[in-house]
Structures are given as structure tokens and as C-alpha cells.
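Protein chains in written order, with my numbering: chain A, 1 to 205; chain B, 1 to 205.
Keep in mind the hints are simulated off the structure, nothing from the lab. Since the model is a prediction, treat every value here as computed from it, not as a measurement. Hints are all accurate, no fakes.
Lysine-lysine pairs mimicking BS3-like chemistry, simulated, CA-CA at most 27 Å apart:
(1) A:Lys32 to B:Lys135
(2) B:Lys46 to A:Lys84
(3) A:Lys144 to B:Lys60
(4) A:Lys191 to A:Lys3
(5) B:Lys121 to A:Lys110
(6) B:Lys121 to A:Lys121
(7) A:Lys150 to A:Lys84
(8) B:Lys44 to B:Lys115
(9) A:Lys81 to B:Lys60
(10) B:Lys46 to B:Lys60
(11) A:Lys181 to A:Lys150
(12) B:Lys179 to B:Lys135
(13) B:Lys30 to A:Lys84
(14) B:Lys115 to A:Lys125
(15) A:Lys105 to A:Lys172
(16) B:Lys44 to A:Lys121
(17) A:Lys125 to B:Lys44
To give an idea of the interface, some chain A residues facing chain B are shown, with a C-beta separation under 10 Å as derived from the structure:
(18) Gly49
(19) Ala67
(20) Ala87
(21) Ser97
(22) Ser128
The beta carbon of each residue, even a glycine, is placed where N, CA and C say it ideally should be.
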Amino acid sequence: MSKFTLTYFDARGRAENARLLFVVAGVKYEDKRFEMSAWGQHKASMPFGVLPNLKLADGTSISMSAAIANYLAREFNLYGKGNKENAQVDTVTNALSEIMDLVYKFIFTKEEGPKAEAKTKASAKIASYGAALEENLKQNNGGKGYLVGKSITLADIAFFNAFSEIAAMDDKALDNLPLLKALLARVGADKKIAKWVETRPKTQF
Amino acid sequence: MPSYELLYFDARGRVEDARFLFALAGVEYKDIRFTEEEWPISFKSKALYGVVPNLTVDGKTLSMTLAISNYLAREFGYYGKSNWESAQIDVITNALHELIGLYYTHVLGENEDAKAETLKKFTPRVESYGVAMEKGLKENNDGDGYLVGNSLTLADIAFFNAYSEILTLKPDALDNAPKLKALMGRVSANEKIAEWIKKRPKTQY
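Construct all of the structure, not just a fragment, from the sequences and the given hints.
Encoded structure:
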């Protein structure tokens, strides 16, 4: 019986950071996925009426993707060492979350005009935050390692997930960000992560 | 004692949680404020990630509201006494961050259509999140104390600040949440918070 149950739609979306934390830590969990059609019946039973939701062995649960990710990152020592590194991880994950809000807006907008506008907004944010992330990475041991500290953290996981999705919208997004481009490959080459990416359910987003 | 500098508009806005934390901890900091006009001319290009708030601690700068609030909360002991409590605080700060984002988009919006659109998203969410927080509060020592654990944390500060603004837009937001309503009063009655509220610059937002 798994200690953890992660509930979400059948998608990578806002649960994939949590999933990758389990993968990197080598910890088993129940990867529960709802069909969109089934969500309606379950919505009322979820705190705040939102997904993802993480249920612990004692029956208590945590909602909000950032709260879930931070909790697991702390549990698995993937949240940096000390308050300053924790805060650097938070800065990265919050910046990426803002970018992803705009990327999802683009993905889910159907009308041509608004969709193009959404892409412009997302691209602008990717460019400005991307430059800051690149500088961040450079400041950390010349950028040949990880975003925060000396080993992989939630910051790198969140970056990998975000820019994997972004590539589908704009495959040139990292062209002027060489250190980040190399980091994306470095994280993707991690044995555990590569195996998960290969075997996970293939979903649209 | 580290030297702290907080950079933001001359407003309560997204940084008031940080200011409350400094007030509660009795820690000095430089409360740097600029006007709307000064922002693009003198501050935007120097701001980390091109956005504010920024917190600089002994010369090292952090960006992103939640990263800053969490850093100070951890530093001063307002982030809960366990990983689980920290996660419950994150749930609340993240939920409120969403609500306040919609609130600002609405009140600061220039286009009537966009304002109406945002209000349509805001209203049901503030209702469902309010229900969830009231329930969470009741489950914590019957709701006569604080949102998380047995003492004031960042969760209560964030709740107080967010709802101080939200109630100006939706005065009935806490009408069905008597425990939350009482918590508002309990937070503002805190001596150090009351003192800060009395002496802080009076701004529209």
C-alpha cells in the first residue's frame, strides 16, 4: 500500500512536478488519474475543488500544485540546503508557474485571434524570465550544474517540465539561452527521469 | 543581523505580507517604494526577473512574492512547526495568491470587457475558496485560533491582507464564514500588526 496517493487528470499538467519528485527520489506512489468526464462527480470532495491533490497515509491531504511540490521536495531533500537555497528554488518555481499559466492559456484557447495573442504574451514572459533564469544558472558555478546548489532540486525538475511543454509551442525558446538548453538535456538524461518520460502515459498536455 | 531591503511600488499590494512579517519579528528593513512613473524609468531594468517585489538580504536578491514571503516566514518562525504545517500554509498562500491576482486584474483593469471577464472568474472562486478555508479553520481547534497550528503564521497574515482588499470589492465575502470573520479581527488586534497598520503609508492599493 503506497504511502502517497496523487490524484489528477490523465495529464502531465500541474501534477508532473510532483510525479518527477517521486521518480527522482525513487519513492512509490499511487498515480491516480481522472477522466475529465468523471471530474464533475469528484470535484466537491476535493478541498478547494481543485486538482492535483496529494493524500498521505494518515488520510490528510494537501492541495495546490505548489504546496504539494514543496512538501514532497522537502520530504525528499530536493528543496535546497538552507533557507537561502529554499528561497532560490521558490523563485524559480514561481517564475515558471507564471510562465506556464500563460502557456496553458495559449494551449486551451481555440479562437485564432486570441490564441495568437496568448502566444505573444507567453513568448514575451518566456523571453524575460528566461534571461533571468539563464543568469541565475550562470551565477551558480558557471551554469554547468544545476539551478540551485550542487545537485538536482525541484527547481531543475520544474524547469525541465515547463520547457518540455514550451518546446511544443515554440521549439526555438531556448535558442538564445545556451546554459538552460544544456540543463534541459542534462536533466532529461538522468536515468530515472529518462525512464519515466519513456514509460509514462502519453497525453496531449 | 542581516541587512534587508524590500523594493516595491508605493502600495500594500503583493508585498504587504512581507512587511507584516518584518513588523511581527521586530526586524528593521529598508522599505523602498517608487511611483508608477518611476518604475519603467529607474527601477524595472534593475529588478530581478524584471518584476517586483524584490528582497535583498546582505546583497543577495530574491524575486517572486511567495518566495520572499516564505523566506521571511521561515527566517522569523512563521512557517509552521513541521513539513505538513508548512504545506498547509502553502495551500492557503497559493489559493490567496490566485484570488488576489484576479482581484488586481479586475480593479486595475482598463478595459470594461476584461474587467467583467475577470469578475466572472473571481466570484465563484472566492466563494469556493472561502468555504474551503472556513472548513479548514474549523477543523483546527474549532476555528477559534489560527489557520494552521496553534499560533499566528504566514497563512493568517496572507488571509488578513488578501481579504482586507477582497472585502472592498465583495463586502459579503465573509458573510457565511463566521470563523474567518473573527480571525480577521484577531489578526488586526495583534499589537505589532495594529502598530504597523497605524503608521504605514496610506495608499489606495
